[in-house]
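Asks: Taken in sequence, the protein lines are chains A and B. First residue of the first sequence? That's 1 in full-length UniProt numbering, and the numbers climb one at a time after it. First residue of the second sequence? That's 1 in full-length UniProt numbering, and the numbers climb one at a time after it.
No lab work stands behind these hints: they were computed from the structure. For clarity, every value in this text was computed on a predicted model and none was experimentally measured. Worth double-checking, as some hints may not be accurate.
Note that the list lumps identical chains together, so a pair holds whenever it fits in one copy or between two copies.
Calculated pairs, DSS-like style, for lysine-lysine (alpha carbon to alpha carbon, straight line, at most 25 Å) [stated by the list, open to error]:
(1) Lys414 with Lys43
(2) Lys154 with Lys193
(3) Lys414 with Lys212
(4) Lys43 with Lys85
(5) Lys43 with Lys13
Number of protein chains: 2
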Amino acid sequence: MQSFEINKEDLLKLHAALEHGDDELHEFLQEYHASEIAILFEKLDVADRERIINILPADVASEVIAEMDEEHNPGELLAGLDPEKRSEIIDELDYDDATDIISQMDEEDQQEILEEMDEEDASNIRALLTYEEDTAGGLMDTDLIKVNIRLNKKDALDEIIRQSEEMEEFYTIYAVDDTDMLLGIVSVKDIIKARANAMVAELINTDFVYVKADLDQEEVARLISQYNLTSIPVVNNDMRLLGRVTVDDIIDVMEQENTEDILKISGVSEDEELSGNWKDAVKSRLPWLIINLATAFLAASIIRGFDAIVVKLAVISAYMTIIAGMGGNTATQALAVTVRRISLSNLSDKQAYNTVLKEILVGLINGAANGLIVFFVAMFYDQNPKLGLVLFLAMTGNLVVAGLTGAGIPLILKRVGIDPAVASSIIITTFTDCIGFFLPLYLASKLLL
Amino acid sequence: MQSFEINKEDLLKLHAALEHGDDELHEFLQEYHASEIAILFEKLDVADRERIINILPADVASEVIAEMDEEHNPGELLAGLDPEKRSEIIDELDYDDATDIISQMDEEDQQEILEEMDEEDASNIRALLTYEEDTAGGLMDTDLIKVNIRLNKKDALDEIIRQSEEMEEFYTIYAVDDTDMLLGIVSVKDIIKARANAMVAELINTDFVYVKADLDQEEVARLISQYNLTSIPVVNNDMRLLGRVTVDDIIDVMEQENTEDILKISGVSEDEELSGNWKDAVKSRLPWLIINLATAFLAASIIRGFDAIVVKLAVISAYMTIIAGMGGNTATQALAVTVRRISLSNLSDKQAYNTVLKEILVGLINGAANGLIVFFVAMFYDQNPKLGLVLFLAMTGNLVVAGLTGAGIPLILKRVGIDPAVASSIIITTFTDCIGFFLPLYLASKLLL
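Could you put together the complete structure from these sequences and hints?
Replies: This is the structure in structure tokens:
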């Protein structure tokens, strides 16, 4: 089986079905999984999306809406439905999905939808709306299975079956006391296998991993990954159980964080939608380019200071672009390794220090190796061994600076609490450009004029 | 709760415990989760690791070894243990983890360990060793819960409880016929809730997602993410059930694939260990730098062809570095967005075409905006409006090329079956360097000489 992608045939069939009546459309849709319909939606206008949502049974419709990409605005779609259908769909949505979608709507639509809902659902969603989107609280679902520790095996099983009626999947049963304080976790298997008169209190595992609601989602992802969890309970400061974050939410978080890392390191605003239009792209990238233009003028102003040598030895301006460029690439390499390392684990001070030392050493060796090549080119092609020496020293020096800044700057940013990925190649290469122009020009003006 | 990181206190206590007897060490270790001990191992030499493994109960020891990072060589550790302890640990390991570790050993150790194991385990692992590491088969575990469709509710539950004895977690029950052909899936909940005389065949869901053993792991990850699965069954060409891939394995795959993407796009070999030593780093990066040096000479040779204009108008060499550098950054932005987009979904031909068009348009607009700034600097600072015009045209032209290559090259690579992330900034910037030098020099030599 391959992951779903839209092909022409699907689209042709979809458009044909849309032109025929609702019956054909209904039949067509039955061939597709809700997450596939959500992908097909990318190709349809809002009117057709609404028509399809109205045809689908509420449980499928809610899944389609939950699976829609944020950029295709599921909130708008939901707000446009007639109130009855909308209520049915919201009833079927998990609280965390419903909250995500409602949080995207404007204030007025939010109020209207919350007022339509039954008291309990509305107050649950209102509570979830108070958490920051990128924290454990913003990510969690309040639907979970919990049993009181004083229940016996039979009552606990009955309770689990009762609570699981409305849930598709559950992994762990949470054991709480009368005040909803989380005391332990237990699996269905352990309950099934227990002797008939066992109590929940005897069966629970009290050594479990949990998070507070305000923990950053990246840290939640790291815990789930480190301890191989399928879900993690979310508690408030008094250890009262608020919800759970499941591993499938974490997969979305990881994809999102990885996209942000790769964009930021390349000088693209983390908010740019990958499939956004050109206007968004210009808005997200032009500011970075203008910053880069300013830093490039800074680097170029160094060249202006050495007009004498450029005029006397025109070939130096070809070589200095090579040295600056190689510095930029070396810095980008060091940056990529360091940023990725920081995002996978927290480095101790000693590890950070060793990382920088390593990158300086790597810069020195790679600089000397490439410097040697440039030396030979200058000696044999330009017949100028002194120029070769200048270029060898400049290349080595610049690649050492490249290693130092490529590793050092993201580590410093991390220490002072700034996202290390904003140390994008644009910022780092300012250093390697400046040093890459200055070193050959300065050394040449001293040794060759 | 925060994810575990080694702090000085832990390390001091660990070293103190190592110097005291085994009892203190044992007591110390009880405070830590297996995945935490695996992290502590990074700070210990092989002798201390062995000593700790020998003290730990086999189930914890096997978890520690399974959690160890590949670069710290769990295979070597396992091979060094005495055979009895080793057998105990291997018995506790999941087949997929055991296979991963054994596959890293040399042939001789592999044979020795496989011969020590009982027949069934050895043949299971031998079978797993035949799959490529980065396919569904290489990722899957053969431990799973399966029931024959002809069982009734009670026998099925008994069978599930029996099979689950040796498993920590399971999510889905697989329903097979007498020949082990996979016919459907069912949850424990559905079985518990079924009426007493229900048969498995009536309870199963026959519309499920599965993969063949040779499917690439990235595609497996995409399916699990797209359909929000906790596990996915792996079958052979006759639909016989071979194993299952679980979502926690996928998290590791995603981390690994994302690391590879970010390294490749930055011109670092995908195999470089993030925390490897300087020798590995030089080995993985120097080849890319030397390729870049060759391409930089190519770009620089363009400058050599325009000696006349460089000598007459020395300031042009400062400006051309700005134009080339801005092209490199624009191309890197387009590249990051395109590579990330390709790795999250498969683009249709039309989407690919539109992506390139969009990036050309973005390059045109950003080029004109930055070109205008450069135009004004040349006009007011250098008092040379003609130079300004040359620079405006060169900047705009180079940023259009940057958009075209930054989006076009990875898309072409993807079409011809090459990993698009190898279109690293090193390759792409060769184009923007060449055009970035050529355009201002050529236009200046035509308009200003």
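Asks: Compare the structure with each hint and give your call.
Replies: Against the structure, the hints:
With identical chains, the CA atoms of Lys414 and Lys43 are at most 25 Å apart between copies only, with a shortest distance of 23 Å across copies and 41 Å within one. Both within a single protomer and between protomers do Lys154 and Lys193 lie at most 25 Å apart by alpha-carbon distance, with minima of 11 Å and 14 Å respectively. For the identical chains of this complex, Lys414 and Lys212 are intra-copy neighbours only, at 23 Å inside a copy versus 42 Å across copies, given an alpha-carbon limit of 25 Å. Taking the shortest alpha-carbon separations for Lys43 and Lys85, only the intra-copy value of 23 Å comes in at or below 25 Å, while the best inter-copy value is 59 Å.
Only within a single protomer do Lys43 and Lys13 lie at most 25 Å apart by alpha-carbon distance; the minimum there is 13 Å, versus 60 Å between protomers.
Checked against the numbered hints listed earlier, the structure breaks none of them; every hint is satisfied.
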